[in-house]
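The residues making up each chain are set out below.
2 protein chains.
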Amino acid sequence: MSTYDELLKISEQLRSMERALYLLAWDERTYMPKGALEGRSKTKAELSSLYHKKLTSEKTKECIEKLNKESKQAELDDVEKAAVREMTRDFERKYKVPDDLIQEMSKVSTKSQSAWEKAREKSDFELFLPHLEKQIELKKEVAEYIGYENEPYDALVEEFEPGFTAEKIESIFEPMKKELSSIVSEMLSINKKPGEGVFKGKKFPIEKQKSICRELAADLGYDYDHGRLDETVHPFTIGMDDDVRITNRYSEDNLTSLFSLMHETGHALYEQGLPPEWYGHPLGKRISMGFHESQSRLWENFVGRSQEFMDYLFPKLQSEFSNLKDVSKEDFYRRINRVKPTFIRVEADEVTYNLHIALRYDLELGLFREEIEPEESKVVWENKMEEYLDIVPEDPSHGVLQDVHWSAGQFGYFPSYALGNLYSAQIFQSAKDDISGLKQNIYEGRFQQLREWLRDNIHQHGRRYKAEEMTKRLTGEGLNENYHIEYLKEKYEPIYGLV
Amino acid sequence: MSTYDELLKISEQLRSMERALYLLAWDERTYMPKGALEGRSKTKAELSSLYHKKLTSEKTKECIEKLNKESKQAELDDVEKAAVREMTRDFERKYKVPDDLIQEMSKVSTKSQSAWEKAREKSDFELFLPHLEKQIELKKEVAEYIGYENEPYDALVEEFEPGFTAEKIESIFEPMKKELSSIVSEMLSINKKPGEGVFKGKKFPIEKQKSICRELAADLGYDYDHGRLDETVHPFTIGMDDDVRITNRYSEDNLTSLFSLMHETGHALYEQGLPPEWYGHPLGKRISMGFHESQSRLWENFVGRSQEFMDYLFPKLQSEFSNLKDVSKEDFYRRINRVKPTFIRVEADEVTYNLHIALRYDLELGLFREEIEPEESKVVWENKMEEYLDIVPEDPSHGVLQDVHWSAGQFGYFPSYALGNLYSAQIFQSAKDDISGLKQNIYEGRFQQLREWLRDNIHQHGRRYKAEEMTKRLTGEGLNENYHIEYLKEKYEPIYGLV
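As you go down the protein sequences, you meet chains A and B in turn.
Heads up: the first sequence runs through residues 1 to 499, numbered per the working numbering.
Heads up: the second sequence runs through residues 1001 to 1499, numbered per the working numbering.
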C-alpha cells in the first residue's frame, strides 16, 4: 500500500469513529432517555479518546511526514496535495497539544458547562467567573502549543476558520460594525413596526407546521433517503456522509419553524452535496464553519425571507392556516423581516445579528489580548450592547451568560456566524449573476438550479480549496463585507421607508 | 494500578465500545434512513475491529495471564475471581481464533445473509446451499481453534450457553421432545379450536394498542427514565446499562402486540435489574442467552397468558376496544393460548415452540456431527416437521430458509430459545413457592413483588454465577425439563378439555 493510500485508510477509519460519535450526539439530543447521560458520557469519552489516539498515532505521523517531503509532494496531483494538506492540519492541531492538557480541558469543560448552566439559571455571573478564567488560561496554553502568526487568538480562530486571523477578522468587522450600527439606528429612529399583529393572538397547529416543513425541505432538495427530520429544543444538522439528519423546533405562536427548517436544510444540502466518492476522504468535509453557516443563511434569508419566496409560500400558508386569510402577503413579508434589537443572539434578525457577533468578538479578543479582565466581561457586554443596539440587559442570563460556547472552551467560534452571513451575501450575488431568472425560479418554487449551482461551485469541492481561494473562485474577489451591507440596505430601505 | 484494576479498566473500555455498537444497531433498526446502510456498515466494522483489538490485545492477555496465576487468585475475593473467570472466557474465545479467519467469517456472513435473503424470497434452497456449506466449514474451523469437550458443536453452543454441551442439551431435549409430541398429538386429536372468532373480522386501532403497551410496560416496572419504546419490524431489546430500549410491532388485526411487549419488557427488566455499580464490569451482564430468554418468556407467558393476568387486563381491554364487549374473558384467554402447529417458529404457541427448536437442534447437531449433509437439510427439515407437528411446509421459505441465524453463522444459538422456556417454568415455580399470594398479586395488577424477587435472585447477580449454579441456587436442582411439561399439562388440559 502506498503511503498516500495508507493516509486515506487512516482518514476512513477516523471518519467511521466520527460517524459513531455523531450518531451518539444526535441521539443524545433527540431520543436518548434522560437517565442515560452517565453511560453516554463514558461512551463518548472512550470513542473520542480512540479517535484522538488514531489521529495522533505514530503511524499517522509517519505517513504525514513522508507525504510532506518534497520528493513525495512531486508525485502527488492537486487533489492529493490538498488531501495531505488538510490531514496535516488536522494532525498538527491535535498532535501539538499534550495529552494531559487535552484531558484537563475535557474535565474543566464538563465542570464549566455545569457551572454555566447553574449561573445562567440563577443569573449570577460570579458563579461562572472562575470557570471562565480557567478556560481562558487553558486556551492560552493550547494556543502556545499550536502556535500562531501574530497573537494567541489566531490559533483558536484557525480551528473554525482556517486561514483567518484576528487581524483579518478585524479588518472586516470594523467597517461592518460602523455600517450596521448606522443602519440600525436609522431604522430605530423611524420607530416603525412593520407587520405588527400578523401573528398576534393566533395559533398555528404544530402538526400542520410539521407537515409543511417536511414538504418544504423536500422541495428545497433535501433527500430523505439519506436523512431524516426530527424535533429538538435547539435545531441542528448532523452530517454522517450518506446519512445527514436535520432537526427543528415548533411553537404554535408563530411560524418561525419555517425559517429554522430552511436554515437546517441549507446546512444539510451542503452535507448532502459532498461527493460520495469522498466520504471518509480528507477532503470530504466543509471548508469552514463560516462556509457552512453561509449555506444555511443563504437558504434561510436570501431565499426564505425574500419577496419572491413569499409569493410562492404565502398562498400555501393561507390555505393551511385560515387565520392568515385576512393577512396580506406584504404584511407577512414585513413581519418576518422585522428588525428589532433583542438581548438574545439566536432570536436576532438579519440586520442586528452580526452586531451580536461583533460584541462577542470584541470581548473574547479583548480577553485574549489581556485588554479586558475576565471579571469585566459582564460590564463590557452591557456597555457594548448599549453602544451597538441601544439596549442593556437587566441580568447576565440575557447578557454575557446566554451562550454555551465559552463554557465549552470554544473561543474563536463566534466569528464564524458573522462570516457566514457575509459569505452568503457574496455567494448569493454571484449565484444571481450566473443564474438568469433566479428570482423567477424562486417565485415559482423551483429551487433546483440554485441548489445545483451551489453543489457544482461549492459543495462538490469539499475542502479542496481554502475559504479565501474558494471565495475568489466564486466571486472574483476575497471576502468583502460590502455585499452584506448593500443587500441589507437594498432589502430593508423599502420595508422601513428609508428610501 | 493493580492488575485487577487494569482488567476492570479494559472491561469499561470494551463496554463503552459495545454501547456505541449497540446504539448503531438500535438506530439501524428504528430510525436510520434507508440510504445510509453503506456508511453504517463501515462504521460498525471499524468499531467492531477496535473492540476486537482491545479484547485480544497484549495488554489484556498480560492481565489475564497474571490474574489466573495461583498466587494472584489467592488474593482475589469471590466476585473478583468470577470477574476474572468471565473476562478470561471472553478473551480466550476471541484470542484463540486467528484474525484472518475472523475477517473471512465477516465477509462470508455478509454474502451469505444476502444470498439467504434472495433464497428465501425465491424459496430456492439451492441458492443458499453453498453458503450454508461454507458457514459450516468455517464454524468447524472456529471450533477447532477454540477447543471443546467432546465434539465441535460444544464449542459453538458455549458461546450462547456457557457450560452447556451437545450431550447435556440432548439429555434435556430428548425427553422433552417425547413429552411435547405426545401433548401436541393429543390436543390435535381433539380438534378443538378454543376462542375461535375472538379477533376475527375485528380491527384494533394501533394508536390505542400503543398507549396500552406503553402503560403496561410501566406497570410491569419498566423504567422509561432509562429506556424508551419504539416501533420496529422485528421487536428487540437492547441493553446499554443506564439506557435499555425496547421495541414492539403492532397489527390492527389482533392484540399480539401486548404479548410481544411483555416479552421485550421481560428482557428489559433483566437489563434494568443489573446493578449500576457493575455497569462496564465483567460481571455486569446476563448469564446466558437462555437465561435472558427465560425472563422474557416468564413475563410473556407465565404472567401475560395466565388466567390471573386476564382478570386484570381483559376489563381494561374491553373498555378500550368496544368490539370486545361481547367477548367473554374465558374465550379471550383460550384464544391467546390457542395451540396450533405452524410452519413459522416466531408465530408458534408455547406448547409447540420447543419442538420448533428441537427440530433445528437435531438438524444443526447432525450437520456438525456429519450425520447429515448440508444438501439434505431441506428434506430433513420437512421430515422432522411432519414427525413433530404433523405438517409439511410446501416451500423452503416456510421451512429451512425461515430463520436468519445460520446465514449469519450462528450455529448453537437455537437451543437458547428452548432453554429459556425451560428455565422460565422452573424459575416461576420457585417464585410461586417463595411469594405467597403471587397469583393474587397478578390478579390485582401488582407486579412489584415478582419483579423484585427476580431482581434480588437473578438480575442483581449479573453473570457472577454460571447457569447451572444459578439454577441450583434458585430451585435447589439443575435444569429440569419437567417443570415446563408439568406447567403445560396443568395449563392446557383444562383449555383442551383433556382432564
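Keep in mind that a hint or two might mislead.
[What the hints assert, rightly or not] Here are the simulated DSS-like cross-link-like pairs (lysine-lysine), alpha carbons at most 25 Å apart as the crow flies:
hint, chain 1, residue 1, chain 2, residue 2
1, A, K54, B, K1044
2, B, K1009, B, K1072
3, B, K1107, A, K61
4, B, K1044, A, K59
5, B, K1193, B, K1059
6, B, K1107, A, K9
7, B, K1340, A, K61
8, A, K94, B, K1053
9, B, K1066, B, K1466
10, A, K466, A, K192
11, A, K34, A, K53
12, B, K1178, A, K44
13, A, K54, B, K1042
14, B, K1053, B, K1118
15, A, K59, B, K1042
16, B, K1178, B, K1325
17, A, K122, A, K54
18, A, K44, B, K1432
19, A, K9, B, K1193
20, A, K384, A, K466
21, A, K489, A, K72
22, A, K42, B, K1061
23, B, K1384, B, K1466
24, B, K1210, A, K44
25, B, K1489, B, K1432
26, B, K1009, A, K54
27, B, K1210, B, K1325
28, A, K81, A, K9
I should point out that these hints are in silico values taken from the structure, not numbers from a laboratory.
Practice problem: Please work out if K34 (chain A) and K53 (chain A) have their alpha carbons no farther apart than 25 Å. | Solution: violated, 30 Å
Quiz item: For the pair supplied as a hint, K384 (chain A) and K466 (chain A), is the alpha-carbon distance within the 25 Å limit?
Solution: violated, 33 Å
Quiz item: Are the Cα positions of K42 (chain A) and K1061 (chain B) separated by 25 Å at most?
Solution: holds, 24 Å
Self-check item: Proposed proximity, K1432 (chain B) with K1489 (chain B) (alpha carbon, max 25 Å)
Solution: holds, 17 Å
Exercise. Assess, step by step, whether the Cα of K1107 (chain B) is no farther than 25 Å from the Cα of K9 (chain A), and give holds or violated.
Key: holds, 19 Å
Quiz item: Under the criterion that the straight-line Cα-Cα distance not exceed 25 Å, is the pair K1009 (chain B), K1072 (chain B) satisfied?
Solution: It holds: about 18 Å lies between the C-alpha atoms, which stays within 25 Å.
Quiz prompt | Holds or violated: K1066 (chain B) to K1466 (chain B), with C-alpha atoms at most 25 Å apart | solution = holds, 23 Å
Quiz item: Taken at face value, is the distance from the CA of K61 (chain A) to the CA of K1340 (chain B) at most 25 Å?
Solution: Violated, because 65 Å separates the two Cα atoms, which is more than 25 Å.
Self-check item: K1178 (chain B) paired with K44 (chain A) [C-alpha distance capped at 25 Å]
Solution: With a Cα-Cα distance of about 52 Å, the restraint between K1178 (chain B) and K44 (chain A) is violated, given a limit of 25 Å.
Quiz item: Is the hinted pair K1107 (chain B) and K61 (chain A) satisfied, with a Cα-Cα distance of at most 25 Å?
Solution: Status violated; Cα separation ~31 Å.
Self-check item: Given hint K1059 (chain B) paired with K1193 (chain B) - CA-CA distance at most 25 Å
Solution: violated, 62 Å
Quiz item: Is K1053 (chain B) within 25 Å of K1118 (chain B), Cα to Cα?
Solution: violated, 33 Å
Checked against the numbered hints given earlier, the structure breaks hints 3, 5, 7, 10, 11, 12, 14, 16, 17, 18, 19, 20, 21, 23, 24 and satisfies all the rest.
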